[in-house]
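Undergrad: Residue numbers (the UniProt record's numbering), protein chains in the order written: chain A, 1 to 449; chain B, 1 to 449; chain C, 1 to 449.
Calculated directly from the structure, the hints in this document are not laboratory data.
Model, not experiment: these values are computed from the prediction.
Here a beta-carbon is modelled for each residue, glycine too, at the ideal position from N, C-alpha and C.
Hints may contain errors.
[Claimed, not checked] The calculated lysine-lysine pairs, modelled on DSBU-like cross-linking and capped at a C-alpha distance of 35 Å, are: (1) K134/C <-> K95/A; (2) K21/A <-> K134/C; (3) K291/A <-> K95/A; (4) K398/C <-> K95/B; (5) K291/A <-> K395/B; (6) K291/C <-> K395/B; (7) K134/A <-> K398/C; (8) K291/A <-> K398/B; (9) K291/C <-> K345/A; (10) K345/B <-> K288/A; (11) K95/C <-> K398/B.
[Stated by the list, open to error] Chain B residues, not near chain A, derived (Cβ > 12 Å throughout): (12) V26; (13) L37; (14) F38; (15) V40; (16) E46; (17) V53; (18) H57; (19) P74; (20) Y182; (21) Y346; (22) F393.
[As the list claims (entries may be wrong)] According to the in silico footprint, chain B covers these stretches of chain C (three or more CB under 8 Å from chain B): (23) 47-53; (24) 104-112; (25) 135-141; (26) 247-253; (27) 364-370; (28) 399-411.
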Amino acid sequence: MGCVQSFRELCDRQKNTNVRKSLPAVCIVWQTAMIILFGVFIRYNEEADPHWVEHRHTNNISSDIENDFYYRYPSFQDVHVMIFVGFGFLMTFLKRYSFGAVGFNFLIAAFGLQWALLMQGWFHSLDYTDGKIKIGVESMINADFCVAGCLIAYGAVLGKVSAVQLLVMTLFGVTLFAVEEYIILNVVHARDAGGSMVIHTFGAYYGLSISWMLYRPNLDQSDRLHGSVYHSDVFAMIGTLFLWMFWPSLNSAITDHGDGQHRAAINTYLALAATVLTTVAISSLFQKHGKLDMVHIQNSTLAGGVAVGTAAEFMLMPYGALIVGFCCGIISTLGYVYLTPFMEKYLKIQDMCGIHNLHAMPGVIGGIVGAITAASATESVYGVEGLINTFDFEKDFKDMVPSRQGGHQAAGLCVALCFGVGGGIAVAPLLIKNNTEIKYIFQENKLWN
Amino acid sequence: MGCVQSFRELCDRQKNTNVRKSLPAVCIVWQTAMIILFGVFIRYNEEADPHWVEHRHTNNISSDIENDFYYRYPSFQDVHVMIFVGFGFLMTFLKRYSFGAVGFNFLIAAFGLQWALLMQGWFHSLDYTDGKIKIGVESMINADFCVAGCLIAYGAVLGKVSAVQLLVMTLFGVTLFAVEEYIILNVVHARDAGGSMVIHTFGAYYGLSISWMLYRPNLDQSDRLHGSVYHSDVFAMIGTLFLWMFWPSLNSAITDHGDGQHRAAINTYLALAATVLTTVAISSLFQKHGKLDMVHIQNSTLAGGVAVGTAAEFMLMPYGALIVGFCCGIISTLGYVYLTPFMEKYLKIQDMCGIHNLHAMPGVIGGIVGAITAASATESVYGVEGLINTFDFEKDFKDMVPSRQGGHQAAGLCVALCFGVGGGIAVAPLLIKNNTEIKYIFQENKLWN
Amino acid sequence: MGCVQSFRELCDRQKNTNVRKSLPAVCIVWQTAMIILFGVFIRYNEEADPHWVEHRHTNNISSDIENDFYYRYPSFQDVHVMIFVGFGFLMTFLKRYSFGAVGFNFLIAAFGLQWALLMQGWFHSLDYTDGKIKIGVESMINADFCVAGCLIAYGAVLGKVSAVQLLVMTLFGVTLFAVEEYIILNVVHARDAGGSMVIHTFGAYYGLSISWMLYRPNLDQSDRLHGSVYHSDVFAMIGTLFLWMFWPSLNSAITDHGDGQHRAAINTYLALAATVLTTVAISSLFQKHGKLDMVHIQNSTLAGGVAVGTAAEFMLMPYGALIVGFCCGIISTLGYVYLTPFMEKYLKIQDMCGIHNLHAMPGVIGGIVGAITAASATESVYGVEGLINTFDFEKDFKDMVPSRQGGHQAAGLCVALCFGVGGGIAVAPLLIKNNTEIKYIFQENKLWN
């Protein structure tokens, strides 16, 4: 025993020496690269530039309040809270991994948003007159969205990967996300305000396929470190609640000014409320003695927000939002009860935070709901101008009709699925190289001082 | 002992079987009812409808930023945080009841807001042309307000009632609230921006009379589970601080655009600051050795926000707000020191979170302050248009004068008191039927997995 | 041992008797003084006054949305969260001092903001026509800023001073702050949107010189109470994250409407992201076995926000913000590794929360970055109107040029340094009088019930 112990310590020391070199090296080098790329490419857009005063006069904008900042900044801050406190604290439930959950979430989000500004900028906000990316408040929101995809993926492998592996996962995750988003939104011309497809479906399958590739049977040994304690579950509720409360801001953050943002917020608010009730019902029904399970309350209550993401800006109608939330609460909780153990046992996919139940299934449902809602849009419900604004039937797509838009939405969902699964399988081998570090699982005392 | 133990376990199993059936059944059936009622009654208002573009042109509205969403959404999100994180975490102080505090708070708020949209909609936003309720951001704020009343009531019976009992309490609480609110605001024509009367007085007396009706002397046995531990008190401070910080948003959320919202936020900010100092003073003065009591810091510091609710939109003046806060800090803390033990011992009213000190007394004070401030309003202070805007002296009430408005305010307070006490006494018998479950008190291990 | 014990208890009782009298007395008397001063001096400004309707017509303001409330209130609420939850929870890391951190933070902030409204009002918003201070949403933000300076100072002496000493520190801190702010912004005409100089440099040196004056060698005895435990470190991360996320709101809260607020938010967002990566790099590099230190993650990740405070509203450029964040993460973390132990050992300055690394050094860097950025401003980058708006080259300063503005910025930094160090040395003797209470250090059980 003592021998094994000292041998393990020796290994740890060797690995730690590598970590000691690799983590600082990656952070410094990548951050330096960001500075250079930002220097070459990134500038303020006209709403954040001091020439805004002249821009206002030229474009006959009556007031400073018309600056997009005032339309979107409150939503941006809510989304920002979801990314850092919401996702961070949601993953603190493991009794020995709270620092890792909140700390590594912080690290990869901070890196990811810089890389996302570049990647999304090249695809969406490149100014061809000077070759620069022009950023503003909407770019910051989109960068946070992009990061969300990678944080979802982190949920699948929580406690099983090192900080360097997470950074590599994020680098490729953001890259894949930007390409996938460009294809779905611009090429396929699907609409996805809250990112049911673009963020949740992609992120969840990206993480799950990485987890599948990294599967090691002997990881089961550490099951005793796998649980939660009373206070860690209360910390996780902080994450849950901030995600739940601010989800209406997420789904409405980049929708159309005016009625678009207003409607998206209402739909999300309602869908989430319905989810809570069905989650409690199913949790109580399937636990012995009718007890409630904190894992369900922490996670499945959020499924409605995911599933209403695509259709939130459409005329889903208040009762439609409730129906979506109703179904997702049931499906997501049943997923925790039956599907997660099944996937671990038979498919060799460990899903630490149950992202398949919280993001993958509700994301796919969201894509389908979006396709149906779009296909059934009519001019009488939306009005002529409303239909054009809501579905962006302009420029190349000015001859689009709702029924075809429904097909495009479905095509968008397929793209997200393919990028998620394919991307994860492609990226995982790059992580396995450092796979010795996988022994760290759930043992924070090796990682944090 | 062993025999008693096994008998109790038998009882628990039986009860649990009931819970296993009743909680899921209530959640599923009530949520289904909500979907049907929403399908029949609820639609988006014109600011959340895609015809908004046409509405803008017709009504000569110059810009999307004039959509009410941009006036009220940041305040809505702050109120939303108060409901779910504020109230939820404020009640986590019990060492064995953190899950119940935050989890059941979540459940009843999610149900309550749906039912509130319907109930308040029938009374306030029914469109008689098509028989539909038209909802927007202000409806969501009002639904959150309505839920707040029921969460206050939950504070009185924390740990003593089951989830099903709480849902029943919320169903009737929301119903009573909507009727009471309609009478106070529309019939009596009292103003109550922050809900000192409508929310706090009603909610507190509703909860206290239920607690009085449910009183069981043998509950004292579980006193050892009644305390807090160090970390549960820190969690409760999260609730306190989010309530304290966002209270200016609550009191200004539905006041008049422009100066109304501005003034309400300033008054609340000041009242709350003064309350903190007097709470600390009285807490230190009345504890042995001049120590401070976390219960006072967690609760009484909020009393100023409650008490300034009605008058926040009036010309209370900054020093007036400070005086209200000053007095309420003292009264509320003294309530914890003297009144709560007295009520439990002699009046048989157990008040788990001390809502009589935090909501009932400050709410009544708030109603009185509102009446005085309204009665002393003059045209020189408010201006002609200002007076009409602030007190809504329009339509049926265009001949109203401030002195009479003061009387109406006082009448509103009486209505809130009657509905609170009467409603609680009427609803409690419906809860007692399931009263065997009351044994669960403070023993989370029976309720949560 | 028993004798010593009982002697200490005797002392404690005597001191406690004093506390029992002094804390309530200070709170009540000072709060009463505030009420009187507010009654004499403080009124609503025209945007919070019911005459706003007439003001709108007179000044041809087209809509209520032009009320400054809608430009600044969301930022105000974010700043408010930083003050009460951010600073409060950041200091909860000590295992025996969480109540004191969050509770005393609450107390002194609540007092400080009232006194700040008066002090800053006399200097900045005194209406000479009627001798009244007119307050609005910008006054509330400035009051919160002013309080931030004193809370930074609290970080240096955390656990070493009583509540009364803290209140005295705050009274003089706010007074000094208001004078210093007036000199820097109005006399020297330096710009300091995010307060790198005015708030952080002043606050940190004010606290550090007080800590230096209060130094007692025997305090080292209590080192065993000086540490953190697992959950207290997770609580501290709540503070860190809310500070980190809302820092863009702090730096943009009082900048120019339109592009000014927009640009300040973007710069701060980027600087903070870069800081996280370099903090992790240096923390991992200098800890044994490449582990990460939670103290660094909790504190140094925020240094970029401090350092970008002055220049956030200037044309720092996105890559410039990243460079500032990059450097500050390194410097701040190295400060924790080398400078804090050095200062304690050789300079006799105990810095409990490491405010020298988080606020002092980054604040000075921020002042220097601001001076350089201002000096290098050109009309081609800012535009003619943009230059005037950004640097406020109006009235007495309409002949100012950027190069001279750079000099004024540097002069402002010197003023902040002098006021910080000088103020601390001047105020400390007033605290030493009550210095017997210093024995309480880290022993919350003596202070809280």
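Undergrad: The structure should be examined with respect to each hint, and the outcome stated for every one.
TA: Consistency of the hints with the structure:
1. K134/C <-> K95/A: At roughly 52 Å apart (the allowed maximum being 35 Å), K95/A and K134/C break the hint.
2. K21/A <-> K134/C: Judged against 35 Å, a Cα distance of about 57 Å means the pair is violated.
3. K291/A <-> K95/A: Since the Cα atoms of K291/A and K95/A sit roughly 21 Å apart, the hinted pair holds (cutoff 35 Å).
4. K398/C <-> K95/B: Violated. K398/C to K95/B sits at ~63 Å, over the 35 Å cutoff.
5. K291/A <-> K395/B: Violated, at about 54 Å.
6. K291/C <-> K395/B: 70 Å, violated
7. K134/A <-> K398/C: Cα-Cα ~31 Å, so holds.
8. K291/A <-> K398/B: The given pair, whose Cα atoms are some 57 Å apart, is violated under the 35 Å limit.
9. K291/C <-> K345/A: Satisfied, since the Cα-Cα distance of roughly 33 Å is no more than 35 Å.
10. K345/B <-> K288/A: 38 Å, violated
11. K95/C <-> K398/B: 61 Å, violated
12. V26: 8 Å, violated
13. L37: 8 Å, violated
14. F38: Since the minimum Cβ distance to chain A is about 4 Å, F38/B lies within 12 Å and the statement is violated.
15. V40: It is violated; V40/B is separated from chain A by about 8 Å at its closest Cβ, not greater than 12 Å.
16. E46: 8 Å, violated
17. V53: 4 Å, violated
18. H57: Contrary to the label, H57/B does not stay out of reach of chain A, its closest Cβ about 9 Å off (not over 12 Å).
19. P74: About 4 Å separates P74/B from the closest Cβ of chain A, which leaves it inside 12 Å; violated.
20. Y182: Fine: 22 Å to the nearest Cβ keeps Y182/B off the interface.
21. Y346: 35 Å, holds
22. F393: 30 Å, holds
23. 47-53: Since three or more residues must qualify, the claim that chain B covers the segment 47-53 of chain C holds, with 7 doing so at under 8 Å.
24. 104-112: Check passed, 4 qualifying residues.
25. 135-141: Holds, because 4 residues of the segment 135-141 of chain C bring their Cβ atoms closer than 8 Å to Cβ atoms of chain B.
26. 247-253: Violated: only 0 residues of the segment 247-253 of chain C have a Cβ under 8 Å from chain B.
27. 364-370: violated (count 0)
28. 399-411: Answer violated; 0 residues pass the 8 Å Cβ test.
In summary, the structure is inconsistent with hints 1, 2, 4, 5, 6, 8, 10, 11, 12, 13, 14, 15, 16, 17, 18, 19, 26, 27 and 28 from the numbered list given earlier, while agreeing with the others.
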